[in-house]
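The task is simple: from the sequences and hints, build the whole structure.
Chains A and B are the protein sequences, given in the same order. In terms of the numbering used here, the first sequence opens at residue 1 and continues consecutively. In terms of the numbering used here, the second sequence opens at residue 1 and continues consecutively.
Quick caveat, the hints were computed from the structure, so don't treat them as lab data. Computed from a predicted model, the values in this text were never measured in an experiment. Positions of the beta carbon are idealized from the N, C-alpha and C atoms, including for glycine.
In silico lysine-lysine, DSS-like type, Cα no more than 25 Å apart, as pairs:
| # | chain 1 | residue 1 | chain 2 | residue 2 |
| --- | --- | --- | --- | --- |
| 1 | A | K289 | B | K64 |
| 2 | B | K481 | B | K445 |
| 3 | B | K289 | A | K64 |
Ranges of calculated distance between the beta carbons of each label pair, as one might list FRET restraints:
| # | chain 1 | residue 1 | chain 2 | residue 2 | range |
| --- | --- | --- | --- | --- | --- |
| 4 | A | D18 | B | R133 | 24 to 34 Å |
| 5 | B | E90 | A | R256 | 50 to 60 Å |
| 6 | A | Q83 | B | E109 | 22 to 32 Å |
| 7 | A | G104 | B | D60 | 34 to 44 Å |
| 8 | B | T372 | A | G67 | 28 to 38 Å |
| 9 | A | D334 | B | E458 | 37 to 47 Å |
| 10 | A | D60 | B | N425 | 45 to 55 Å |
| 11 | B | D60 | A | D381 | 32 to 42 Å |
Far from chain B by the CB rule (all over 12 Å, computed), these chain A residues:
| # | residue |
| --- | --- |
| 12 | E174 |
| 13 | Q203 |
| 14 | P206 |
| 15 | G226 |
| 16 | N254 |
| 17 | H312 |
| 18 | W339 |
| 19 | A362 |
| 20 | N397 |
| 21 | G449 |
2 protein chains.
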Amino acid sequence: MPKSDKSFVKEITPQSEDFSRWYIDVIRRADLMDYAPVRGCIVFKPDGYALWEACQQELDRRFKETGHRNAYFPLFIPESFFQKEKEHVEGFNPELPWVTEAGGEKLEERLAVRPTSETIIGHMYAQWIQSYRDLPVLINQWANVVRWEKRTLPFLRTSEFLWQEGHTAHATAEEAIAETEQMLNIYTDFVENFLAIPVFKGQKTPLEKFAGAVSTYSIEALMKDGKALQAATSHYLGQNFAKGFEIQFLDKDNERKYVHTTSWGISTRILGALIMVHGDDRGLALPPKIAPTQVMIIPIGPQKERERVVTHAKDLLKRISKRNIRVQMDANEDTSPGWKFNEYEMRGIPIRLEVGPRDMDAGQVVLVRRDTGDKQAIAIDKLEETVEQLLTDIQQNMYRKAKQFAEENSRIAASFTELDDIIQNQRGFVLAGWCGDNVCELTIKEKTGATSRNIPFEPPTHLQTCVVCGSEAKHSVWYAKSY
Amino acid sequence: MPKSDKSFVKEITPQSEDFSRWYIDVIRRADLMDYAPVRGCIVFKPDGYALWEACQQELDRRFKETGHRNAYFPLFIPESFFQKEKEHVEGFNPELPWVTEAGGEKLEERLAVRPTSETIIGHMYAQWIQSYRDLPVLINQWANVVRWEKRTLPFLRTSEFLWQEGHTAHATAEEAIAETEQMLNIYTDFVENFLAIPVFKGQKTPLEKFAGAVSTYSIEALMKDGKALQAATSHYLGQNFAKGFEIQFLDKDNERKYVHTTSWGISTRILGALIMVHGDDRGLALPPKIAPTQVMIIPIGPQKERERVVTHAKDLLKRISKRNIRVQMDANEDTSPGWKFNEYEMRGIPIRLEVGPRDMDAGQVVLVRRDTGDKQAIAIDKLEETVEQLLTDIQQNMYRKAKQFAEENSRIAASFTELDDIIQNQRGFVLAGWCGDNVCELTIKEKTGATSRNIPFEPPTHLQTCVVCGSEAKHSVWYAKSY
Ligand SMILES: [Zn+2]
Ligand SMILES: [Zn+2]
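Okay, structure coming up:
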């Protein structure tokens, strides 16, 4: 019994009506996640986890190509470790879950479930690093981390999430800073070229930097509802953790010195960005590079032609998959072609091929793009090249569209009134002058609800005065409401 | 300053002197792990973690080829969940760590850090499975798990360890049992063909089965000290968890039925087996398929020939890596060739190539096998084929040697005295008749220190009487001292 062609579309609230509901509708309808019976936790269902696996594979390759190796450190961190870096403990203490009993006994020292691993890794590095010959140490870890957040949202902010955290140690500040920049560039390359999401690169203000860092660099992305999302961060930790954990080395000049460390991470929240940057009222839209299925073949036409059409469709599937294109076919007879069209659009598959008897006889096949909805008949003898070319086009077009949206929604504010007006009525990123005083930054946060996203490395313009106090601006800063 | 050629060998206790110390010496000297500052936890250092990554890749491919998909479920499990399967709670309760506080507040319900995920996955499956159309559910999870063990040993038994746990749900018992068997066969194939470790396949006795399972299948391996190690398990859980968590489906006959579930897992303890099956007094010995580096090239000869030799060695490296062989070169001048020979033998690299000026002029290169120590000069124009062939030979030879050792140390006991004598004086696996009574099994455990490993699917012989009580034997059982 074919299901109704349109039934599921009703399940997705239009973005214009309620973006938050649209988001939840889409991730549930596309079967990416489910709520777990533990506060603020989700289950990553196979279709959601497959997206994370694709990210992992891409990132892991980039990390290894730049000389990093994977390792694994314990989930539990003794309470005393958090006391060794003052800012760090203040930043993370409110969010920690504590193991107080184990194996039927009360523990002498409470164990935190890791929110991030600078402390325990710092403790180990102090033992591994003795001489300049042991440097640099370039290690990455794929792991689960926990932060007991008050307000949670699937993928974007959950009590437990998955991420990678890189932790490196260097002989000099210059080297460590170069590493911090290198990793930010790797994240930028990954997010822009693999996920087709344009980013705003810059440095966090002191109020927004990582607890314990000297400086934090970030890439920020703009969601379709005009809110920003921090996509990845890379921290130069200076000698803060080195001093807290006594990570010293004997340098070539025979002096004992503290190392300079970095850390950098990207998490499953990037999946939220992927959905909110590209999705539309029809559902998910996946850039070809990350799409687990890039092409879906759907045989159509009357029952009497079925066998001939399916045989032909199977042949096309074989030809396409020989080019290492991820292609599938849905020849299920329990659902109608119309239902399938909607279903796979909703799941964000970049290309649909409709194979029917008439096109078949004409030596062609109908191809539909998810990004534009364009439909075209293509010659079967050019099938592989056309599909290959189109996947490249779609990837580029999705990036271009997102880039255009980000540009149209990046504005410059000469005054506080202007800043406030844009944030309240248009959202998006707003560049404003800042004197460097925390008070002015906090004023903006309190009065407009926007936070500083970062200080761009290459600002579109250099603003002269702080929009709050009117003194000379030290920096031009991106502000936005954010997730 | 070249380090002394032999210095490190002193750091490894001979196996014959003290096998346990040998094991710890090797894993520390080969830099596979370090002790963590949390009781019973270790750090997987890059060289150790790389072995696990290789296992993951191999297993993940096999799981996906058989239709399984990855997902991720929460780390924390509410206390009440453990009450829903009686045997399960009894089995795991003594080993659980409990989170009792989070985000600055005492939790209303304690959360266990997962020791295994049957309960929370059962809870989710109850919501995902409604109809026979939803079956089978074939999901796997790569995760960290925690069991607060009293006695720990690196890799073999640690408070936190890494593993995969497959969890499937089926409409019928037959299907679920077929899945359980299929996964045991996949583990067998992986352990025997990839890790070159022969295994004893069979079913666990009721006393040794997984807490909550109807039946547990296992593969067991024999370490060089004569002790057994459980390498992987696959459980048919019947309807136990389905009933505990109300996982029901509407079948084709319009009846509501409980599903049949399975679970199966292999963990980082397999790395302990890898080391203890193949290692020797010179250190690690890695089968070529898992070795992160399969061939190590070491340029030798006088300083004045150095440049010419290194250039030539680089050329050989390029040629070999074109065949997708994992090859590295150590041209470091701070350490002597002799030191390098020992170092890479200790690290278990299957093949060493010594490249010197005289061999070079003769159109040959010296090749040394880690498994046999054999040294041979080979013609450079046959280099790639020879290395490729040899890697295959080494893999097979390591399996053959381990298989021979396992066979020589598998004995049949006709009486309790004989069983006890073998266990105390020779160790290894001992097959003995068993009446099926738990009391007889416990008697053997208490009096000999050996536990039942499994009831082989294809026993070498069918024994007639129980070695403890003398009644008719229902099964022939493998007994061994074990890790
Ligand atoms: Zn100001
Ligand atoms: Zn008996």
